[in-house]
Amino acid sequence: MTPFRYARATDVTDAVRLADGGARYLGGGTNLVDLMRETIERPAALVDVSGLPATIEAHDGGLLIGAAVRNTALAEHPAVRARYPVLARAILAGASAQIRNMATVGGNLLQRTRCAYFYDEEGSRCNKRVPGQGCDAIDGFNRIHAILGASPACVATHPSDMCVALAALDAIVHLHGPDGTRTVALTDFHTLPGERPDIETVLAPGELITALALPASPLAARSTYRKVRDRASYAFALVSVAAAIDLEDGIVRDVRLALGGVAHKPWRATKAETALRNGPATEAAFRAAAELELADAAPLAGNGFKVELARRAIVATLGELTGETA
Amino acid sequence: MAIEINGSQVPVPDDPRVSLLDLLRESLHLTGTKKGCNQGACGACTVLVDGERIVSCLALAVQYEGRSITTIEGLSDGDALHPLQQAFIDHDGFQCGYCTPGQICSAIGMAAELRRGLPSHVTGDLTAERVPFSRVELQERMSGNLCCCGAHNGIIDAITETFGEVAA
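As you go down the protein sequences, you meet chains D and V in turn.
Mapping of the first sequence onto this note's numbering: residues 1 to 326, in sequence order.
Mapping of the second sequence onto this note's numbering: residues 1 to 168, in sequence order.
Source of the hints: derived by calculation from the structure; they are not laboratory data.
Computed from a predicted structure; not experimentally measured.
Where is the CB? At the ideal position from N, CA and C, for every residue including glycine.
Check before you lean on any hint, since a few could be wrong.
Said to hold, decoys possible - Straight-line Cα separation of at most 25 angstroms, SDA-like style, residue types lysine to any residue; simulated pairs:
1) V:Lys35 x D:Pro3
2) V:Lys35 x D:Tyr119
3) V:Lys35 x D:Arg37
As the list claims (entries may be wrong) - Far from chain D, by Cβ distances over 12 angstroms, these chain V residues were calculated:
4) Gly7
5) Val10
6) Arg17
7) Val18
8) Ser27
9) Gly32
10) Cys37
11) Thr46
12) Ala59
13) Glu73
14) Gly74
15) Asp77
16) Leu84
17) Ser106
18) Phe133
19) Cys148
Claimed, not checked - Quick look at which bits of chain D chain V covers, simulated, 3 or more residues with Cβ under 8 angstroms:
20) 1-12
21) 81-90
22) 95-106
23) 253-264
Required output: the full structure, derived from the provided sequences and hints.
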């Protein structure tokens with residue numbers, strides 16, 4: 001690990017001042033400490049924001065979640081369990097209990113890909129690590145990589161489960177930086193790789209995630225998260241589906257759908273949503289919507305199975321929520 | 001600037017790079033806590049912080065100033081073992097023993113999670129106040145602790161004997 005300066009922030013203003021536009025913010029450390037040990041990340045300074053207020057409050061009919069709230073605490077909160085089950089289920093499907101106890105909500109958004117070529121500093125080329133170097137994943141072992149929204153520069157996926165649920169729930173990210181505060185929709189917070197896969201979010205230098213807002217959602221009470229992975233527990237998603245649905249007399253009044261494990265960011269399936277809205281809640285309709293969303297999928301040599309897996313996972317998840325079993 | 005470790009006040013290391021795991025093993029010679037993967041994947045380094053289980057390999061020690069850490073060395077009362085330690089012996093909950101301190105600390109943290117009704121990935125009703133205590137729940141909740149000898153059946157039996165009444 002490269003030497004660094006360490007400072008603990010007492011509040012948000014203090015954190016932004018201490019970071020001075022250059023330091024990395026430290027939450028639970030579950031990803032950043034690992035990346036620093038591997039020397040993939042070499043920050044000159046860390047500003048510890050893990051002790052900032054970690055509250056979950058009622059907010060405009062929804063919830064305002066402090067960025068320092070631990071993953072476990074968010075999944076455990078009674079309002080999340082009752083009103084946003086997709087979020088509780090997504091969090092509980094991720095990592096291990098020990099890591100969920102450490103990891104913060106803000107840090108979860110800033111997780112970096114688990115692409116093995118990104119981690120292999122000595123042996124592999126990676127445009128995310130060294131812009132312009134090349135990508136060894138595109139022609140390498142790419143079973144876990146992206147099928148949607150990738151570029152010739154990068155085929156990595158975003159590893160978070162929680163963010164997939166947040167994308168489906170229209171969550172808003174609250175930011176505080178040297179130039180003041182702003183909010184960004186979760187679906188706009190992460191970026192597609194394009195020619196600059198080293199840039200993963202719209203965060204400006206020195207900007208800190210301070211909170212997440214969950215809007216009131218009449219759909220979210222009927223929502224769930226399905227994760228398909230190589231092991232029954234404690235593994236990253238090959239494909240995951242976050243879904244919420246408002247059903248009336250067998251008709252889909254409204255729907256939210258997002259996919260994990262398939263792209264550089266949590267993938268909000270807007271094409272499928274549009275196809276489903278005001279249509280019948282039938283397995284045939286679910287399949288047609290899934291096929292529409294996946295029509296642009298561009299699988300690599302090793303991950304063609306993900307297209308069919310995503311299609312089936314979407315159909316099964318919507319079937320589970322509506323009683324239309326596949 | 002101190003961390004409480006098994007009841008003793010220990011100075012926070014000067015170098016912020018020192019992990020809680022290395023502080024325990026290298027500085028304090030509390031070698032019961034084991035270094036397996038050193039990247040949060042195996043759970044061998046699990047300790048309790050104010051009663052909550054974490055992996056000490058991904059914890060920078062400096063972040064834990066003012067917190068209370070319990071390691072495997074802090075569980076027994078002299079020669080009197082913690083009931084879960086005795087149950088691991090009675091049920092052959094280990095073979096080589098390398099993962100055992102992490103398994104035991106993890107299970108104690110898990111029991112506290114069950115007591116307060118924290119659901120898991122396999123819990124059917126998220127809003128239920130009491131979580132059903134089952135083998136499937138234990139397998140899911142202990143999945144962050146790998147045992148390469150394959151002693152999982154003994155581990156589950158030992159935890160069930162010790163904490164089976166917790167959520168029943």
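Verification of the supplied hints:
{"no.": "1", "hint": "V:Lys35 x D:Pro3", "in the structure": "22 angstroms, holds"}
{"no.": "2", "hint": "V:Lys35 x D:Tyr119", "in the structure": "20 angstroms, holds"}
{"no.": "3", "hint": "V:Lys35 x D:Arg37", "in the structure": "14 angstroms, holds"}
{"no.": "4", "hint": "Gly7", "in the structure": "22 angstroms, holds"}
{"no.": "5", "hint": "Val10", "in the structure": "18 angstroms, holds"}
{"no.": "6", "hint": "Arg17", "in the structure": "5 angstroms, violated"}
{"no.": "7", "hint": "Val18", "in the structure": "10 angstroms, violated"}
{"no.": "8", "hint": "Ser27", "in the structure": "16 angstroms, holds"}
{"no.": "9", "hint": "Gly32", "in the structure": "17 angstroms, holds"}
{"no.": "10", "hint": "Cys37", "in the structure": "10 angstroms, violated"}
{"no.": "11", "hint": "Thr46", "in the structure": "6 angstroms, violated"}
{"no.": "12", "hint": "Ala59", "in the structure": "6 angstroms, violated"}
{"no.": "13", "hint": "Glu73", "in the structure": "19 angstroms, holds"}
{"no.": "14", "hint": "Gly74", "in the structure": "17 angstroms, holds"}
{"no.": "15", "hint": "Asp77", "in the structure": "25 angstroms, holds"}
{"no.": "16", "hint": "Leu84", "in the structure": "16 angstroms, holds"}
{"no.": "17", "hint": "Ser106", "in the structure": "7 angstroms, violated"}
{"no.": "18", "hint": "Phe133", "in the structure": "16 angstroms, holds"}
{"no.": "19", "hint": "Cys148", "in the structure": "15 angstroms, holds"}
{"no.": "20", "hint": "1-12", "in the structure": "holds (count 5)"}
{"no.": "21", "hint": "81-90", "in the structure": "holds (count 5)"}
{"no.": "22", "hint": "95-106", "in the structure": "holds (count 7)"}
{"no.": "23", "hint": "253-264", "in the structure": "violated (count 0)"}
Hints 6, 7, 10, 11, 12, 17 and 23, counting from the list given before, are not met by this structure.
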